[in-house]
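Asks: Model the placement of chain B on the given structure of chain A, informed by the hints.
Residue numbers (the numbering used here), protein chains in the order written: chain A, 77 to 1205; chain B, 158 to 456.
Do not take every clue at face value.
Claimed, not checked - Computed beta-carbon distance windows for the label pairs:
(1) Leu729/A / Arg307/B: 49 to 57 Å
(2) Lys392/B / Arg478/A: 45 to 53 Å
(3) Glu191/B / Tyr760/A: 48 to 56 Å
(4) Glu1022/A / Thr316/B: 41 to 49 Å
(5) Glu191/B / Arg952/A: 38 to 46 Å
(6) Thr322/B / Gly852/A: 26 to 34 Å
(7) Pro726/A / Glu345/B: 50 to 58 Å
(8) Glu345/B / Gln743/A: 37 to 45 Å
(9) Asp494/A / Tyr381/B: 56 to 64 Å
As the list claims (entries may be wrong) - Listed below are the simulated DSS-like cross-link pairs for lysine-lysine, each with C-alpha atoms no more than 30 Å apart in a straight line:
(10) Lys415/A / Lys299/A
(11) Lys116/A / Lys156/A
(12) Lys1008/A / Lys224/B
(13) Lys1195/A / Lys415/A
(14) Lys1006/A / Lys224/B
(15) Lys642/A / Lys299/A
Keep in mind the hints are simulated off the structure, nothing from the lab. If you're wondering where the values come from, they're calculated on a predicted model, not measured in any experiment. For every residue, glycine included, the Cβ atom is placed at its ideal position computed from N, Cα and C.
Given next are the chains, with one letter for each unit.
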Amino acid sequence: MKKKLLQTIMMLSKGFLYGLVFQMLVVNFTSVIQAKGQYKSIEEVTIRLSAPSLSIGQFFKEVERKTPFKFAFDNQRLDKSQIIRFDQQKGTVEESLIVAGKQLKLSFRQINNTIDVIKRTESEVKSISIMEMKPISGTVKDENGEGIPGATVLVVGTSSGTATDIDGNFSLDVDEGAVLLVSFIGYESQRVTVGNQSSLFITLSEDQSSLDEVVVVGYGTQKSRDLTTAVAKLSGEKLEDRTGTITRVDQALIGALAGVRVQEVSGQPGRPLSIKVRGTGSITAGSEPLYVVDGVPISGDLDNIAVGNIESIEVLKDAAASAIYGSRGANGVVIITTKKGTSGAPVVSIKTRYGFQQVAKTYDVLNRDEWIDFAVEERNNTYLLNGGDPNVPYDDRPGGSRINPEWISNPGSFPDTDWQALISRTAPIHNSQLSISGGTDNTTYNVYADVFQQEGVIKHTDYNRYSFKVNVETKIHERVKVGLNISPSFSIQNEADAEDVGGPISRAKFLAPIVEPHLGTVNTGGEPYTRTDILVNPLAWLEETDDETKRFRTIGSFYAELEIIKNLSLRNATSADYSTGNNSFYKTNNVNRDNGSYAQAATSLNTNLLNETLLSYSIGNENHDFTAIAGFSAQKFRNENTFSEVRGFPDDLVKTLNAGTELIAAQSTASEHSLLSYFSRATYSLNDRYLVTASIRRDGSSRFGGNNKWGWFPSVSMGWRVSEENFMKSVNVLNNLKLRASYGATGNYNIPNYGYIGSLSQTNYVLGDGTGSLVGGLSPSSFSNPELSWEKNNTLNLGVDIGFLENRFTLGVDVYRSITRDLLLNVPIPVISGFSSTLQNIGKVENKGLEFELGARVINTSDFSWRIDGNLSFNRNKVLELGPEGAPIPGFARGTSVTITQIGSPIGSYFLIPVAGVFMTEEELNSSPKSKTQNVGDLKYVDTNEDGIITDDDKQIVGKNQPDFTWGLTQTIQYKNFDLSVMAYGESGNNLLNESQGGAGRSHVGNVLGYWRDRYVSAENPGDGITPRAAVTSNLTTPSTFWLFDGSFWRIRNVSLGYNAPDVFLGNFRGAISGLRVYLSAENVFTKDNYFGNPQTGVRDNSLLVPGIDATNTYPLAKSLVLGLNITF
Amino acid sequence: MKFIYKYAFISLAFLFSCSEDFLNLAPISNRSVEGFYNSEQELNQALMGVYDGLQSTQTSVYAMLMKEQRSDNTFQQSLLYNFHSIIHFNESPENTQLYPAWSDLFESIYRCNIFLEKIEGVSFEDDQLKEQMKAETKVIRALFYFDLVRYFGGVPIVTKPLSITESLQYERNSIDEVYAAIIADLEEAAATLPQTYSSQDVGRITSLAAKALLGKVYLTKSGYPLNSGEWEKAKVLLEEVINSGQFEFFPQYSDVFNIANDNGKQYVFGFNLIQTLKEKVILFLEFRRLIILTEMTLF
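Next up, chain A with everything else stripped away, as it sits in the complex:
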């Protein structure tokens, strides 16, 4: 967009001329002349000079006036006042040039009607040359197939050249074999060798590392060269090929930017992911960044935002950058900017993608024969362990120890059901986009429509989204501009309750393979040996559960901008983010474990209204540049929810609530919060070298207690562009070197609405005869705390940006230390006070880290280019202070504590009893400390405190969910019209905890995971030494490192292969179609990890105290292959 905007300005205003002149100056030219038609030679044309001696300037003017020839020369290197004395006033142009050349040591070269003037070196004798040139024409286009007006086309080694016209066309006369240098601001320059062709088609690609790149920084933009804070940018173009497979905006950020960690906790279509910018800076108030869409800080997450219309995504990482968002900036700010219209003829672009997805990875579980083998062994062991008599026949043993003799005598008579295959499918995915943009001098528009249809890889789940956007901006007066931006969207998501902890996804792994797939759920009858009564048939669950959510969201703003005086403008915007959600849920009696059919309906309505006034001023000359903004904003959020549940449906035919006979609950709630803000920012740059930015914001929030309603959030940042210093001018390899330092204060205002007010909650009671009737009661539910305020973050960031060899290689390094204090904690207090905890601002956490972003255009020619973009980030998280006495906070899974948040360790560190393998011999068993009753083949726990017994006191910090480092690497190779891009990313050093491990290895519950093949069987067959024997004991329920896994992984996230049809290919359609692209794009091509499931999952992703807990129930990730077509008219 910014490039198009630039084009527009160039084209339509005086700016075009200035721009051209600027470019000319850059390459030291004063004139570039269009050359056309038939030419005469300087030998043929005669001239009569007005005087015997002329200055060279006068001479050139006279020749240009009296003959068709024009001179081209380097204005700086030619002293035009030098006098030439002519022997004769009349003669051919050639004769006069010879005289001039001899006297002034110049040589001339005629190229058609242009005479190049070149300063002659001593050795050169020949002063005049006449060259035969051939006319050549061409078009310069950008990657989208749109012509670039005003691009410079130069013949290398000469002073001749031209500029492209409004459609990007040019014509020029050149030698065969000449090399053209085509350049335009913001694009990578390209060299093209002229062969025997008469027309050239040149596509310039955008210069990604350009220092002139415009970066959105919140309430304004800055040029990348002037940035003094840590801001990462993802251009929308990079997502273009992936819009068919990226369901949500959050997915686009995966692996893309240093310091931005996106965890794909679930593959459920439409499900939000978890985004953390520079680690976890809060314990209870959430770690998600603030999202700003087209200037509107939105409430909630990125639901319903179409990826195809995104111009760019910027992430404000350090506090100096995000301090302009004050009390909401502590977790970073993600700014999403959508496309806008540009003036000119309408550009219509149609994009469509279609493809298929499959489950990327299924769990390794036992098949029928392996399971029977396991079940017989486990049931035997369990039976004997509980003191059973080995002489009792298999079939007569009690409950879970019973063994069907037919399993052994005739295993083939049982089915071998692959439940995971049964519930999954190859699912289609489709995305189509229509975009029309254009405008006149006064009005621009962009109209966008997007359809996204995704069937889930798990049956009966899907996600469909229909998004629209209209952006219109018009000048109603020479100083007044008004605009409207509105993007309604509608989505329907069917989740089939698939991720329920006991639901189909976990059941498909744990239901025994010998169960018939067609068996119903209730009273199965057929197979008495597996508990299908509680283990609902997963396929039936999916088929008979309705779980549909419809969301409607509109983000819109109306704005007016007034230029009060030159350089000073006032803008007012009124914006709204309005969204509704409507969930209808129904479960048949069959899949509701015989508890009766059940239905619920839930609605939510979120409104977020914003009014914002912004005053901007900018002034500058060649040495100084000053910009300032000051603004005021008022924002109010309201959330309304209703919820009702009904039971007692006579049949499953009518599934709406009215058909039920028994109302279980019906309620509605509402809450509000508001934010008032004043903010200002000023940037100043001196000589393009010394940069300083300062900002301040004052926020008042209804969420803060009466004594702390308002807070200040200042920041300052500085930059020094060392490469602009004179002493660096001689260092040609290094063309950019900038040092940056920033410090700022931000807040996290995600404390509960009304959190400081002691509130009463309903505590009803039933009085009266018989069933009685409900009598309303009220009881205090929290202490008042007028001191309650936001969490305060301070970040120091130091950075350096380096560019080598005309920015072919760039490197950005940032190092930071971020301290969040006054953490919002539910501080435990003695319950004798009436409350177990009270919300207080206490506690401190540190995140420090190091980030690298690098870019390399390894090869960069017109036919072949190879580009590498990489990022690498390290973050270390440490709790510095907790509650009044620094007591650690435990985190729970499976009803027992598994994590600890304590001073000196990362938030939510895994806190478990270490396991040192399996007891191999009686001696080992007898000589080791034990937990409960243990036998040979059971897990051997480590007695870390050496008290001779295994208890909870032996728990240690054994891992963390935060990775040591994360990285991303994108390689783009372009050969002629083909391009290939490969994107990989990974995380290393993180763990996750699988809580299902506490109940693992129980055949009466169903199947077990593949690692049980390597179990301890006997002294002769001890297995892998890690997996215990098959027996149901209370051993595995002990929270130990048996539950803990390595979460490191790397993944080839995307591979795209594309072909841009050249104009020749388009033949007669060339006029109508300006660009055509076909491509194949594959997501999740390959993953290398050390875990049987999704290493990034976490069922309690909202609770930072228990991160990375897998209950083996999350929706699997999908791999997909998509064919795409883009056409631009």
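Replies: Frame of chain A; chain B shown alone:
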């Protein structure tokens, strides 16, 4: 230019149209503590909150684990670490069932204490009613302390609302002292409470319920660990309850578990659960279902 001024004016109007009121928002779906406990009606609501404490403290998982399940009347073969260890008397302090037992009871005691404090400042039309409401609260408080002393032994005796600072200064009282407090509350209440209520007030505590509880307290106190030997006191109280003619046994023991017999003849004191809680309790009563429920949620 007029045009421009108009726009400038509109923009500035926005700038000054907001005030501090914008930031003072009161809860919409919750009442706040401020301004509560001012009328007879509000005190009645607060008393229902006191009664509500019975629902969590008497029907939660811990209430079963730490009372009936530990006895030899029942047996549970739970695979859950936390359940297992409580039933076998080898629970560790980290056991997640212990804390809710402690906190639910003390949170409910706080409701009693704040009620007893606030009721003093409110004038009632019928002073008799005021005294009765205080007595009801004291019986409930005594029941909570009776649970606490059986679960944990000596616990801090708190009889008024505390600030956070005050709460940090309390220490455990002895088992003896806790029993003394329980007995004092019950004796006082038993003298004040009516023997029966009108039909719409069934579910409130009667003097007989207070006496029955006091009898049970004496019985318990007479056993381990105090061995106070106050059997005679228990006998007098319980005989009074038996001879009141208000109660008789159901024909068979299993009738106790029949919902149709709620608040029936055998009930000295019972309360109706509100619907959702009732569901949970019914599930618990079916033993097989207990295992199903826990595995469903924790597998």
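Asks: It remains to establish, for every hint, whether it holds in the given structure.
Replies: So, going through the hints one by one against the coordinates:
no. : hint                             : result
1   : Leu729/A / Arg307/B: 49 to 57 Å  : holds, 52 Å
2   : Lys392/B / Arg478/A: 45 to 53 Å  : holds, 51 Å
3   : Glu191/B / Tyr760/A: 48 to 56 Å  : holds, 49 Å
4   : Glu1022/A / Thr316/B: 41 to 49 Å : holds, 45 Å
5   : Glu191/B / Arg952/A: 38 to 46 Å  : holds, 44 Å
6   : Thr322/B / Gly852/A: 26 to 34 Å  : holds, 33 Å
7   : Pro726/A / Glu345/B: 50 to 58 Å  : holds, 54 Å
8   : Glu345/B / Gln743/A: 37 to 45 Å  : holds, 39 Å
9   : Asp494/A / Tyr381/B: 56 to 64 Å  : holds, 58 Å
10  : Lys415/A / Lys299/A              : holds, 18 Å
11  : Lys116/A / Lys156/A              : holds, 26 Å
12  : Lys1008/A / Lys224/B             : holds, 23 Å
13  : Lys1195/A / Lys415/A             : holds, 29 Å
14  : Lys1006/A / Lys224/B             : holds, 29 Å
15  : Lys642/A / Lys299/A              : holds, 21 Å
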